[in-house]
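Q: Sequence:
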Amino acid sequence: MRLRLISDPHRKRIEDEKKRKQAETERKRAEVRARLEEASKAKKAKKGFMTPDRKKKLRLLLRKKAAEELKKEQERKAAERRRIIEERCGKPKIVDDANEVELKKICQMYYDRVYLCEGQKWDLEREVRKRDYEIADLNSQVNDLRGKFMKPTLKKVSKYENKFAKLQKKAAEFNFRNQLKQVKKKEFTLEEEDKESASKDKKKPDWSKKGDEKKVKEEDAAPPTPVEA
1 MRLRLISDPH
11 RKRIEDEKKR
21 KQAETERKRA
31 EVRARLEEAS
41 KAKKAKKGFM
51 TPDRKKKLRL
61 LLRKKAAEEL
71 KKEQERKAAE
81 RRRIIEERCG
91 KPKIVDDANE
101 VELKKICQMY
111 YDRVYLCEGQ
121 KWDLEREVRK
131 RDYEIADLNS
141 QVNDLRGKFM
151 KPTLKKVSKY
161 ENKFAKLQKK
171 AAEFNFRNQL
181 KQVKKKEFTL
191 EEEDKESASK
201 DKKKPDWSKK
211 GDEKKVKEED
221 AAPPTPVEA
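Under UniProt numbering, think of the first position of the sequence shown as 1, with each following residue one higher.
Be aware that a few hints might be false.
[Unchecked claim] Under the rule of at most 27 Å between Cα atoms (straight-line distance), these lysine-lysine pairs were calculated in the DSS-like manner:
#1 K57 to K41
#2 K41 to K28
#3 K77 to K12
#4 K121 to K91
#5 K41 to K56
#6 K166 to K155
#7 K77 to K65
#8 K166 to K156
#9 K55 to K72
#10 K56 to K71
#11 K105 to K130
#12 K104 to K91
#13 K41 to K18
#14 K56 to K72
#15 K56 to K77
#16 K156 to K170
#17 K55 to K71
#18 K104 to K93
#19 K104 to K77
#20 K169 to K155
#21 K57 to K71
#22 K170 to K155
#23 K93 to K121
#24 K93 to K77
#25 K156 to K169
#26 K77 to K57
#27 K105 to K93
#28 K55 to K65
#29 K93 to K72
#30 K18 to K28
#31 K41 to K55
#32 K77 to K55
#33 K41 to K19
Don't read these hints as lab results, they were simulated from the structure. Keep in mind it's a predicted model, so treat the numbers as computed, not measured.
Using the sequences plus the hints, can you model the full thing?
A: Following this line, the structure appears as structure tokens:
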């Protein structure tokens, strides 16, 4: 019983020590965490006025403004188109209650209007073609004065196609004889043999040449051997 009473205060002291150490470690961790958060906030503050959140908001505002401007431009073009159509064609005529004479007048009016518009269109197209011709002529004159020529329109060619063509050309021009090793010595040729025999004849003494001549004469003077039937 006495041992149990002694052990209980000791155990309680150990547990209190553990709790104290754990609280100390938690306090240090909290201090380190707070210090790191302050450092990160200081770094973000040093970067400038445009934080990531502000950049995102600004991007959204710019997109919204661009969409509104585009919509306004489309509406302006549509209104301009309607105005031009009304100006050229006029307001639509009421033909439901019109008689034959009024219908003829309306058709003649539209015909005259179309005829006038087609004439103006033809004149404008002719003027445009004339201006294009004059511009091309002036460009050619400027290039002649500069000493340059008009650049032709180039076709798009694949780089791999050019590489294949070059490889095929190299293969066609390749000659296997060029790869052979050239030997300067001329061996086993008739010219060399003739030269060697001529040099040997020159080196022979006169008395040996006379003996050779006698042998040749004796062979020529010998009667032919009879052939047995």
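Q: Decide, hint by hint, whether the structure agrees.
A: To see whether the hints hold, each was checked on the structure:
Taking the CA atoms of K57 and K41, the gap is near 20 Å; set against the 27 Å cutoff, the hint holds. Taking the CA atoms of K41 and K28, the gap is near 20 Å; set against the 27 Å cutoff, the hint holds. Our distance criterion of 27 Å between C-alpha atoms is broken by K77 and K12, whose separation comes to about 88 Å. At most 27 Å may separate the alpha-carbon atoms for a hinted pair to count; K121 and K91 meet this at roughly 22 Å.
Proposed proximity of K41 and K56 is supported: the alpha carbons are some 19 Å apart, at most 27 Å. About 19 Å separates the Cα atoms of K166 and K155, which keeps this hinted pair within 27 Å; it holds. Between K77 and K65, the direct Cα distance comes to roughly 18 Å. Compliance with the 27 Å bound is thereby established for this hinted pair. Restraint check for K166 and K156: satisfied, since their Cα atoms lie roughly 18 Å apart, inside the 27 Å limit.
The suggested pairing of K55 with K72 holds, with an alpha-carbon distance near 26 Å, which does not exceed 27 Å. Straight-line distance between C-alpha atoms of K56 and K71 comes to about 23 Å, which keeps the hinted pair within the 27 Å bound. Pair hint K105 plus K130 does not hold up; C-alpha atoms about 38 Å apart against a cutoff of 27 Å. Pair hint K104 plus K91 holds up; C-alpha atoms about 17 Å apart against a cutoff of 27 Å.
Taken as a hint, the K41 and K18 pair is broken in the structure, with Cα atoms around 35 Å apart against an allowance of 27 Å. Between the alpha carbons of K56 and K72 the distance comes to roughly 25 Å, so the proposed pair stays at or under 27 Å and holds. Only pairs whose Cα atoms come within 27 Å are accepted, and K56 paired with K77 is rejected, the gap being roughly 32 Å. Taking the CA atoms of K156 and K170, the gap is near 24 Å; set against the 27 Å cutoff, the hint holds.
Proposed proximity of K55 and K71 is supported: the alpha carbons are some 24 Å apart, at most 27 Å. For the hint linking K104 to K93, the alpha-carbon distance of about 12 Å falls within 27 Å, and the restraint holds. The suggested pairing of K104 with K77 is violated, with an alpha-carbon distance near 35 Å, which exceeds 27 Å. Taking the CA atoms of K169 and K155, the gap is near 22 Å; set against the 27 Å cutoff, the hint holds.
Annotation: proposed proximity of K57 to K71 holds, straight-line Cα distance about 21 Å (limit 27 Å). For the proposed pair K170 and K155, the alpha carbon gap of about 24 Å is at most 27 Å, so the pair holds. Distance restraint check for K93 and K121: the Cα-Cα separation of roughly 25 Å lies within the 27 Å cut-off, and the hinted pair is therefore satisfied. Taking the CA atoms of K93 and K77, the gap is about 25 Å. The hint holds against a cut of 27 Å.
Only pairs whose Cα atoms come within 27 Å are accepted, and K156 paired with K169 is accepted, the gap being roughly 21 Å. Between K77 and K57, the direct Cα distance comes to roughly 30 Å. Violation of the 27 Å bound is thereby established for this hinted pair. Of the supplied pair hints, the one linking K105 and K93 holds, its CA atoms being roughly 11 Å apart against a limit of 27 Å. For the hint linking K55 to K65, the alpha-carbon distance of about 15 Å falls within 27 Å, and the restraint holds.
For the suggested pair K93 and K72, the alpha carbons sit about 31 Å apart, so the restraint of at most 27 Å is broken. Straight-line distance between C-alpha atoms of K18 and K28 comes to about 15 Å, which keeps the hinted pair within the 27 Å bound. Restraint check for K41 and K55: satisfied, since their Cα atoms lie roughly 17 Å apart, inside the 27 Å limit. With a CA separation close to 33 Å, the supplied pair K77 and K55 exceeds the 27 Å bound.
Distance restraint check for K41 and K19: the Cα-Cα separation of roughly 33 Å exceeds the 27 Å cut-off, and the hinted pair is therefore not satisfied.
Checked against the numbered hints above, the structure violates hints 3, 11, 13, 15, 19, 26, 29, 32 and 33; every other hint is satisfied.
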